[in-house]
Structures are given as structure tokens and as C-alpha cells.
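Colleague: Listed here are the chains, written in short residue letters.
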Amino acid sequence: MSVADTDERGCPTMGGPVAAKGAAADPSAFVRMEDDGFAHLDLLVRGARCAGCISKIEKGVNAIAGVKASQLNLSTGKLSVSWTPGEADPGLVARTVVDLGYQVSPYDPGEAEVERDKHGRFLLLCMAVSGFAAMNIMLFSVSVWAGYSGEMQNPTRIFFHWFSALIAMPAAAFAGQPFFRSAFASLRKGKANMDVPISLAVLLALGVSLYETIIGGTETYFDAAVMLLFFLLIGRWLDHRLRGQTRLAAQELLSLQSATANRLESDGTVRAVQSRDIVPGDTIILWPGDRNPVDGQILDGKSDVDMALVSGESAPELVQAGAQIRAGMVNLTDKLVVKASARTEDSLLAELTRLVEAGETARGRFVKLADRAAQAYVPIVHTLAILSFAGWLMAGAGVHHAILTAAAVLIITCPCALGLAAPAVQIVAVGRLFKRGVLVKVGDALERLAEVDTVLLDKTGTLTLGKPYLVNAGNISSNDLELAAKLARTSRHPLSRAIADLAGPGAVAKDAKEIPGHGVEGIVDGVRIRLGRTDWAGAAGGTEQTSGLWLVAQGQDPVHFLFEDTLREDAATMVAGLAARGLSVEMLSGDREIPARAAAAETGIETVLFGLTPQEKITRVETLVRDGKKVLMIGDGLNDAPSLAAANVSLSLASAADASQAAADMVLQGEVLSPVLAAIDISRAARGRILQNFSFAAAYNVIAVPLAIFGFVTPMIAAIAMSSSSIVVTLNALRPFLHKNRS
Amino acid sequence: MTALVYLIPVALFLALLGLGAFIWTVKSGQYDDMDGAKWRIFIDDEQDDNIPGE
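So the protein sequences, as listed, match chains L and S. Position 176 of the first sequence, counted from 1, bears residue number 176 in the working numbering, the numbering being contiguous throughout. Position 52 of the second sequence, counted from 1, bears residue number 795 in the working numbering, the numbering being contiguous throughout.
Read the hints as simulated data drawn from the structure, not as lab findings. One or more hints might be untrue.
[As the list claims (entries may be wrong)] A partial selection of chain L residues facing chain S, derived with a Cβ cut-off under 8 Å:
(1) 54
(2) 55
(3) 132
(4) 163
(5) 238
(6) 240
[To be verified] Derived CB-CB ranges, DEER-like:
(7) 601/L with 768/S: 15 to 23 Å
(8) 505/L with 766/S: 49 to 57 Å
(9) 40/L with 780/S: 18 to 26 Å
(10) 712/L with 747/S: 29 to 37 Å
(11) 747/S with 50/L: 52 to 60 Å
(12) 778/S with 40/L: 21 to 29 Å
(13) 727/L with 768/S: 23 to 31 Å
(14) 778/S with 564/L: 37 to 45 Å
(15) 766/S with 276/L: 53 to 61 Å
(16) 564/L with 770/S: 55 to 63 Å
(17) 764/S with 35/L: 20 to 28 Å
(18) 764/S with 566/L: 55 to 63 Å
Just so it is clear, CB atoms sit at the ideal spot from N, CA and C, and this is done for glycine as well.
Just chain S, same shape as in the assembly (with noise of 0.2 Å):
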């Protein structure tokens, strides 16, 4: 049972990673527009590869 002095501190900060992330989404704006973010995925993004081809 000693282990669980441990494991359960290890738990919750895996956990509070967790809740650090979302904080960090919301922070910043990601769900300030819920309606584009799904069509942006359809946008193709040049500007990784704008050199050779153009």
C-alpha cells in the first residue's frame, strides 16, 4: 500500500497535464471559432511548399 503514496502524487500530475493542455487550448482561442476550424482542415496550406513548384 506504501506505493500508493507514489503512484497516486504521479497520477494526478499526469492529470493536471491534462487539464494544463485544455486550459492552454482554451487560452489560446481554439474554440473561439468552431465553425471554420472544421473547414479550415479543407484549405491546403502553401506555405510549406511555395518554392519549386511555383
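Pulled out of the complex, with its shape left as it was, chain L reads as follows (with noise of 0.2 Å):
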């Protein structure tokens, strides 16, 4: 839980809360000049929902002088400006779009994304390209069908052939590519994945046909190459698209910690750098709400620090010049300077991604159902195509025959249902999530969560708020609680944000200042008011060791603000969701035994492992996955990230570090926890959905095959029965889950 990022979502526009007004980055060092002439800079905006935000942001950005054209992609969040060098200044630009209510961060498309983004493009190319294919060889297919009889002519036939075989084999040598180039990879590796029997049926059956063609033979299965291709990219696309939208915004999230830094020059300038171009001994500015780009050592200045990232409990810390202060950490509420004592790359954030990193390389490793169904696939279709083409040969069929029939049979089987089935039912089941309030970010995802057995909970802004909220509001008078309110608005410290949050807006107390580390002080109606530590606040007789805060105003009885983190309101309701499902659930806290405990029984967790540090909490999670048990983890704070990522799945929440959103396959986008469990359901129900898919494949493939095997298949019943399963899968996977609603 970092204090800058817990309420900056929202749509403006509809009403939500407005983005706490932080530093907006000065994007500069992003600035890249392009071919055109222009200057151009990519802007992250997060909470742009709607048409009101597009229109007021490009209407905002547009009217600043100088700037050519701007332009919101709601889908990925990025603003693109350009304007002509030297005529409009980015810094505006990005305060521009801060004051509309949005955060910003400065962005850098990274070489894989632009990759990724190029490839999507690609594979809807090949998408229309085979499916134009398809349709126009259809037209020759169904004509020489429908003149079978004897009614077509034997020189209109080879007519048709050839401009079927004049479509298909360019249309197949550019769609197809996607697959050939993977068959022709996993090949060299020495492993036949689901591309190889798809590459093998495609080029068998245009080789064929081609030779069918030539030698003016009836039998060419050009069309069904082609739809085979089409069918497939289908499902391709979709998946790229689903993955693509998801893991794209991971790595926004991950390339935006702190991806700006003000650093000091010689001559004594402040310039805003890539923090990636911080080198040692570097001396850098960091303002409140800064987060720290490196390791270093605070040269000047006192502050308030938010050590989530180290500690995970989200009590910030006061550090003054000598101390040393880590990357990742944010700054609250004064001015620092430090001198950076290592390189991004080598600081504790950049250490924490290598370990986000190491997790989902582990991840990697998990088996899609579709890929494990084509090992036990693929190896029987071949020696099937083989053994038929073995078969009519030694029957004395001849060499020709004996081809055609092993293509129908690789035709006939081409795994349409695995390469579509899979895809159709994660996108559905993604959409209904995405409903109810939770966003999965990796196709996979799903299929990991259906398998889960154990569960472990985070319990700080997890299971907990992760924010302090003031518990004798009732012992308060509403003019104490204002007054305190008018010191607190000026403070970024998390005691202040929750009497600020809870006093709403309105005004703040003259000449208010923040002595970091022990309050905020102020002037208010002539009186000097003081809201902070007991002993600095001068409370006489507070002897108490609680985090709370005291309001001594000059002639007044001092009062006492008592704060404590709460539960989650529906936090129990999941955890005995959670039992109720079959699953073992287990507490892993950073915090002390106390809290973690009282927690614990509050929620009804039964196991309870307290005062980890980030590096326990991987190691408990990787022993549980060691012992075979199917983890899902779900965290929210910076020191969960690691062990989101190690875990083999797991979920973030909204209200979660940057990071560990990053890590995590699903994010909930609401306050509530009950979304897990219709994750759960639903995820169980999309797997069981995928395996009926499989299953009506193989059904389909067992009466198939054999016509297929013992010639009886032509041309036009491979392509009516390879597109009729591919749409019978479709539907089967629009089908509503149904049953599925039992929270």
C-alpha cells in the first residue's frame, strides 16, 4: 500500500473521486523527435473512462499552443501529443492533463510492445487474407459439388481448379505463416506442438490438391486448407487480443515506477532524467509524493516515508539526512535530497521485478488444456495418417490414392476445436468476470484457478481495508473534527488522509505546516491548533503508545483521534466461501502477532503465519507449490509482488501497489472480496466448458476418423465437417454458465 496510489481511480467525468493533485512527472526526458518533424510524447492516463474524458482531455491538450494533435486510446490508456519542437512544453502538457483530474505518468513503449502490437496487426491480416481466401474458393467449391452429377464439364472443372489454386496458395503462404514459422521452430527444438500437424495438414492437403489439379483430377481440398487457416486464425486472434489487452497494462504499471527522477545538476539546476540514467553519486531532488527511483543516501531534509515496500505494513517512517533510503519508497511530506549510491538496475525495486520476473518464468511452465490435449493428440493423428496411407498402399491403391486418403485424415482431424475452443470459451468467461467486478489479466489465468486447493491471504489492505480509519468518530464533535480536518487537508500523511477523507472537502487552516514526524500545525480564527504526536502536540496526561493522533488548539482540551486498519466488510463471508469450496486457507501477514491473530479469528482462518518479510512469504508459497498443492495467492502490498508472481495463480486488488497488480493474473476492481469466489465458480465452470469442447472434439473425431481412414470422405464432407465442429464449439462456449450462481 503506497499513500500516492490509494485514491487516484475514478472517472472524473461520472462523478468519481478526483485524482489527489500529485507532482506530475516533468515528461521531458521522454520527448522523441520522429521522422515527421514533430516532437512526440506517450502519456499513461489512468481514470479516462468514457467519451466526457476523451473529449476534455484532447479538447484540453489541443487548445495548448503549439501542440498538432493528441490522441486518447481508451483501450491502453495512452495519450500520443505531438507538436512542433520547441513550440509547446511537455511539463504543460502532462500538468494539463493532471488538472483535468487524471493521473499521469510519462510512458516509454518498450521494443517488446511495439513487437506485440506489430504481431496483433499481423494476425489480423492473415485473418482477412484466409478468410477472403475461403470464401472465394467456396465459390468454385460448391459449384464443381453441386455439377458432381456430370453437369459441369471436365475443362470448367480444372478451370475452377486452377483459379481455386491460383487463391489459395498465396493466401496460404501469407496466412499460414503464424503456424508454419511455429511448427518450424518447436520442430527445430526436437517437440511437435499443435502447430505441427496444423502446418503438416495445410501443406499436405494444398500439395495434393495442386498435384490433383495438374494432373486434372476431381479431388483438390484447397477450400478446406484455406477455412482450416481461417478457423484457426480466428481463435489465434482472440487469444492475442485477450492476453495483448491485459499484459500490456502490466507492463505500463511496471514501467512507470517512478520512471522520472529531478536530479540536481552542477550548476545547481533541477532537470527532470530517466531514472534510468541515474548513475551513482547523482544527487537527486525527491518532493512529497516523489517515489524514490534508487537506493541512495538522504543528503538533506526530513521526512515522512512510506516503506511499504520494505516493511509491507503502510505506517510511514521519518528519516532525516544520513539515513539511507531505498528505491521504491515514497515520500510524503517534505522535501528530500539524496545522493543515489546505486543504479535503478541495481536497487532493491529493480531487484523486486527480477523476482516478479523469476515467478512468472516458473509460471511459464504451467501446461495449457489445450496444449496437454495435444500431446496425447498429435502423436495418434500422425500415426493414423501414416497407417492409413500404409494401409491403402499395401491394398494396392496406388501411391495417389493412398496421399489423398492420409490428407482427408489429417483434414478431417486438424485440431479446430483445440485451437478455437480454448480461446472462445476464456474470452467469454473473461467478459462475465470483467462484470462482476473482476479483471483478468492472462487467458490462463482461468484454467490455473479452477485447479486451486489453497488459498493464502494477505492480511494488511487485503483482508483489511490498509487503511486507517478513525474508530471514536463517535466520541468527536463535528467542530473538533473540522478544525482537525482544516490541519489535515494539507498532509499527505495516512492519518491525516483518513480525518481529511472523512471530513470531506472544504477549507484549510492558514500558514498550515508539516513538521515531519510529529504533526501538522496551523493557524485557525487567530488560534495556533496543532494536530500530531502527543508529546508534540503538548496533550498532557496522553501517555498512551496508540497511533493515534491529538488536536490541542490553545485553550482547549486536547483530543484524542484513535485509528485503527478495519476488515474488509464481506472478508469473513469469503473466507467461509472460500471453505465451502473445498479450500484450504491460510493467513501470511508482515504484521505483528496480535493484529494478525485477531484478524485471523474475526475472519474464521484457522492458519496464520505473522511478521514475514517478502522474502518468507515466497519461500511459504514456494514450499506449498513444492509439496504439489495448487496456490493462489491473493496480495496487495509492494511485498506481496514477489510472491504474487511465484505463486501459480493469484490476484491483486484495486487498491494495490503498482507492482503487485503487475504480478498478478487478476486484479478486482471493487472494495469487496465475494468476486474471488465467482472467480472461482466461474473459472471452474469455463474449464469444465473447455473440456466438454475437447470432449465433443474427440466424439466427433471417433466417427471422422474412421470414413475418413477408409476413404469415404471427399473434399466437401471435410470441409462441411471441419466447419460445423468449429461452429458447434463457438456456440458452446457462448452458452451462459448457467448453474453457476451459488454464492
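Bring the two chains, given one by one in their own frames, into a single complex with the hints.
Modeller: Here it is, written out as C-alpha cells:
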């Protein structure tokens, strides 16, 4: 939980909470000059949801003098701005958007992502080309089939076959690339993936058909081959889109971890630079709200710092000159001057990112249902095709007829259901979950979630709201609350924010000044008031060790504000629901024993581990995984990010730190936990649906393959059987997940 | 039947035009922001009539 991240969400146009006015990072370092002679800047805008947001942001930015064009992409949240070099100030662009109520970070599109975008477009092009070819070849094929009984003369048929070949060959050569390349790569590693039988079927079908066309035969498979590509490419593209939307968001979140830093130059000026350009020895200025980009030592200043990254708890710590400060900590109250002691890639944050990546690589070993099915399926299909070839040869049918039969076997068995069924079901399930408030970032996360048997829960920010709430509000008069709020509104400290949130927007005290580590001081109606620690505020008799604040106004009794982190309202319901689904539940907390046990007792969790460091959390996750458990990790803090990545499947919350959202497979959108149960139910239903589709495909093969082997399958039957099986599989995926509302 | 000799190329040419149009939409990035497009229809295009009223 970092304070800077808690209240940034919501669409200002639709009346959601307006983002706290953060310091808009100076994006100058991210401006790039492009060949068209204009300066370009990509900004990541968060909080934009609707037409009002688009027009407000684009109009606002276009109104800046010098800006040539701006475009907001709502799918990715990227705002691209271009202007004539020197005529517009990039800092002004960022500030304009921030002033409209949105969070802005400069954004550097990595090479990997550009590559991904290109691949998506390429798949779409392949789909279009194969679709075009399939439809036009069908035009000829249907005519040929219709004329089988002798109405069509041989020359006409051969003419039609040649036209089909003319369309099919280049179309398949282009649209088949995704499959051919993947098959080739997999064969070179000595393995056979799904794309091997697909490529083989397409190539064989085309080869045989071309031969038939040349010798003037009657049976060609051009239509079947191209249609196969078309259906499979639909599945591929759906899969890519699903993956893209989500992974993109994850990468962006990770990439904007303190993307810019304010470096103090030797001539005394402050310049915004990309964090990765900082070298040891550089002096950095950290304003309140800034995230520290590199490990370093504080040269000057005194401030409260959010240490969530290291301790996992959101209570800030006071630091001053001489203290070490790690990357990823957020400065809360006052300006700090920091001397960098490491580069970004050697800093703690980078270390954390590496742990996350390591976890994700490990998770990459998860074998998808479709791939598992393929592993069983591919050898059988190949063996059958070879056997039918050999069988027909031995039966004395001649090489030509034997090859034709083998090709028919390959085409008729071609695993459309495997290529199309899984992505179609996933898209539908992900859509359903999105409506219930769960954003699924990775397609196969649903498959992993369906297998889960152990659930690990973080405490602070996950079971609890992770924010201090005023617990003795009943004992505080509204006057005192308003008085305290006048001071609190000027501060970023979590306790101040709690008071300010409760009191709502309003006036602030004159000359309010924050003294780091102590509190806020100001003058209201000519009276000096202080809000802060017991000893500093001057509350006599305040001997308690509580995390409370005292409000002291001259000539009045001090008022005590008591805070506590409260449980989410449906935390106990969710834990009970998990148990009802046969899952074992454990709590992993970085907090001390007493609060951890209290929260566990209240929610009904029996196994509690407390006082854990991030490393210990990972160890616990890894131990369970090694024991063969399928672990679901639910957490929110930066310190949870590595364990989220290490678990079989992970879930994070909308209020969670960026890195955690990036590391998790799914993100809960609201403040409630019960959608977790819906996610588990729907994932299990989706898994069932995928298995149904596979069974259907298998059943269809049991009927069709013998027909193909014994030579009863004409090209027409192959084409019809293949497309109808694809359509059945897709319709089955779209069928609603009915009986799934047991919550 | 000889009509086929030119009718088929004509039909193919028309279909190719359609394919070309689709490829153009892909290349010009019209599928890059599927979420934004559905909202943009609600935005009044003021650039066209911004002179007299204001």
C-alpha cells in the first residue's frame, strides 16, 4: 500500500473521486523526435473511462499553444501528443491532464510491446486474407460439388480448380505464416506442438490438391486447407487480444515505477531525467509524493517516508539526513535531497521486479489444457495418417490414392476445437468476470484458478482495507473534526488523509505547516492549533502508545483521534465461501502477532503466519507449490508482488500497489472480496466447458476418422464437417454459464 | 459458359477491393482502440462548425 496510489482511481467525468493532485512528473526526458519532424510524447493516463474523458483530455491538450495533435487510446490508456519542436512545453501537457483530474505518467513503449502490437496486426491481416480466400474458393468448390453428377464438363472443373489454386496458394503462404513459423521453431527443438499437425495438414492438402489440379483430377482440398487457417486464425487473434489487453497494462504499470527523477545538476538547476539515467553519485530531489527511483543516502531534509516496500506495512517512518533510503519508497511530507548510491537496475525495486519476473517464468511452465490435449492428440493423428497411407498402399490402391486418404485423415482430424475452443471459452468467461468486478489479465489464469486447492491471504490491505479509519468518531464533535480536517487536508500522511476523507472537502488552515515526524500546525480564527503526536502537540496526560493523533488548540482540552485498520465487510463471508468450495485457507501477514491473530479469528482463518518478510512469504508459497499444492495468492502490497508472481495463480486488488497489480493474474475492481468466489466458480465452469469442447472434438473424430481412413470422405464432407465442428464448439463456448450462481 | 472467363475475374477483383479496404483499416490503426471507438461517436465534432456560434 503506498499512499500515493490509494485514491487515484475513478472517472472524474462520471463523478468518481478526483485524483489527488500529485506532482506531475516532468516528461521532458521522454519526448522523442520522429521522422515527420514533430516532437512526440506518450503519456499513460489513468482514470479515463468514457467519451467525456476523451473529449476533455484531447480538447484540453489540443488547446495548448503549439500542440499539433493529441489522441487518447482508451484501450491502453495511452495519450499520444505531437507538436512542432520547441513550440510546446511537455511539462505543460502533463500538468494540463493532471489538472483535469487524471493521473499521468510518462511512458516509454518498450521494444517488446511494439513487437506485440505488430504481431496483433499481422494476425488480423492473416485472418482477413484467409477469410477472403476461403470465401472465394468456396464459390468454386460449391459449383464443382453441385456439378458432380455430370452437369459440369471437365474443362470447366479444371478451370475452377486452377482458379482455386491461384487464390489458395498465395493466401495460404501468407496466412499460414504464424503456424508454419511456430511449427518450425518447435520442430527444431525436437518437439511437436499444435502447429505441427496444422502445418502438415495444410501443406499436404495444398500439395495433393495442386497435384490433382495439374493432372486434371476430381478431388481438391483448397477450400478445406484455407478454411482451416481462417478458423484457427480467429482463435489465435482472440487469444492474442485477450492476452494483449491485460499484459500491456501490466507492463505499463511496471514500467512507470518512478519513471522520471529530478536531478540536481552541478550548475544548481534541477532537470527531469529518466530514472535509468541516474548513476551513483547523482543528487536527486524528492518532492512529497515522489517515489524514490534508486537506493541512496539522504543528504538533506527530514520527512515521513512510506516504507511499504520493505516492511509491508503502511505506517510511515521518519527519516532525515544520513539515513539510507531504498528505491520504491514514497516521500510523504517534505522535500528530501538524496545522493544516489546505486543505479536503478541495482536498486531494491529492480530486485523486486526480477523476483516477479522469476516467478512468472516459473509459472510459464504451466501446461495449458489445449497443449496437454495436443500432446496426446498429435502422435495419434500422425500415426493414423501414416497407417492409412500404408494400409491403402498395401491394399494396392496406388500412391496417389493413398496420399489423398492420408491428407483427408489429417484434415478431418485437424484440431480446430483445440485451436478455437479454449480461447473462445476464455474470452466469454473473462467478459463475465469483468462484469462482476474481476479483471483477468492472463487468459490461462482461469485454467490455473480452476485447479486451486490452497488460498493464501495477505492481511493488511487485502482482508483489511489497508487504510487507517477513525474508530472513535462518535466521541469527537463535528467542530473538532472540522478543525482537525483544516490541518489534515494539507498533509499526505495516512492518518491525516483518514481525517480529511471523513470530513470531506473544505477549507484549510492558514499557514499550515507540516513538521515531519510530529504533525501539522496552523492558525484557525487566530488560534494556533496542532494536530500530531502526543508529546509534540502538547496533550498533557497522553501516555498511551496508540497510533492516534492529538488535536490541541490553545485554551481547549486536547482531543484524541484513534485509528484502526478495519476488516473489509465481506472478508469473513469470502473465507467461509472458500472453505465451502473445499479450499484450505492460510493467512500470511507481515504484521505483528496480535493484530494478525485478531484478524484471523474474526474472519475464521485457522492457519496464521505472521511477521513475515517478503522473502519468507515467497518461501512459504514455494514450499506449498513444491508439495504439489495449487496455490492462489491474494495480496496487495509491494512486498506481496514476488509471492504473487511465485504462486500458481494470483489475485490483487484495485487499491494495490502498481507492482502487485502487474504481478497478479487478476485484479479485483471494487472494495469487496466476494468476486473472488465468483471468479473461482466461473473458472471451474470455464474449465468444464473447455473439456466439453474437447470431448465433443474427440467424439467427432471417433466418427469421422474411420470414415476418412476407409476413404469415404470427399473434400466436400471434409470441409462441411470441419466448419460445422468449429461452429458447434464456438456456440458451446458462448452458451451462458448458467447453474453457476451459488454464492 | 465462356462468360465465366471474364465474370470470374471481375468477381475476384471486387472481392480483392474489399480485402484491400480491410487491410487499409488494419494498417491505419482502426482496430487499435476498440474501446475508445465506441465512445468517440458521442463526442460532438466541433471543428466543423466552430465559427458562427462562438
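Colleague: Each of the hints needs a verdict: does it hold here or not?
Modeller: Hints, verified against the model:
1. 54: holds (6 Å)
2. 55: holds (4 Å)
3. 132: holds (4 Å)
4. 163: Status holds, d = 6 Å.
5. 238: violated (12 Å)
6. 240: At about 12 Å, which exceeds the 8 Å cut-off, the nearest Cβ of chain S leaves the hint on residue 240/L violated.
7. 601/L with 768/S: 15 to 23 Å: violated (59 Å)
8. 505/L with 766/S: 49 to 57 Å: holds (52 Å)
9. 40/L with 780/S: 18 to 26 Å: Holds, since residue 40/L and residue 780/S (Cβ atoms, about 22 Å apart) stay within the stated range.
10. 712/L with 747/S: 29 to 37 Å: For residue 712/L and residue 747/S the Cβ distance comes to about 31 Å; the hint holds.
11. 747/S with 50/L: 52 to 60 Å: holds (53 Å)
12. 778/S with 40/L: 21 to 29 Å: Given a distance of about 22 Å, which is inside 21 to 29 Å, the answer is holds.
13. 727/L with 768/S: 23 to 31 Å: Holds - the Cβ-Cβ distance for residue 727/L and residue 768/S, about 26 Å, lies within 23 to 31 Å.
14. 778/S with 564/L: 37 to 45 Å: holds (40 Å)
15. 766/S with 276/L: 53 to 61 Å: Cβ of residue 766/S to Cβ of residue 276/L: about 38 Å, so the range 53 to 61 Å is violated.
16. 564/L with 770/S: 55 to 63 Å: holds (57 Å)
17. 764/S with 35/L: 20 to 28 Å: holds (27 Å)
18. 764/S with 566/L: 55 to 63 Å: holds (58 Å)
Violated hints, listed in ascending order, are 5, 6, 7, 15; each of the other numbered hints is respected by the structure.
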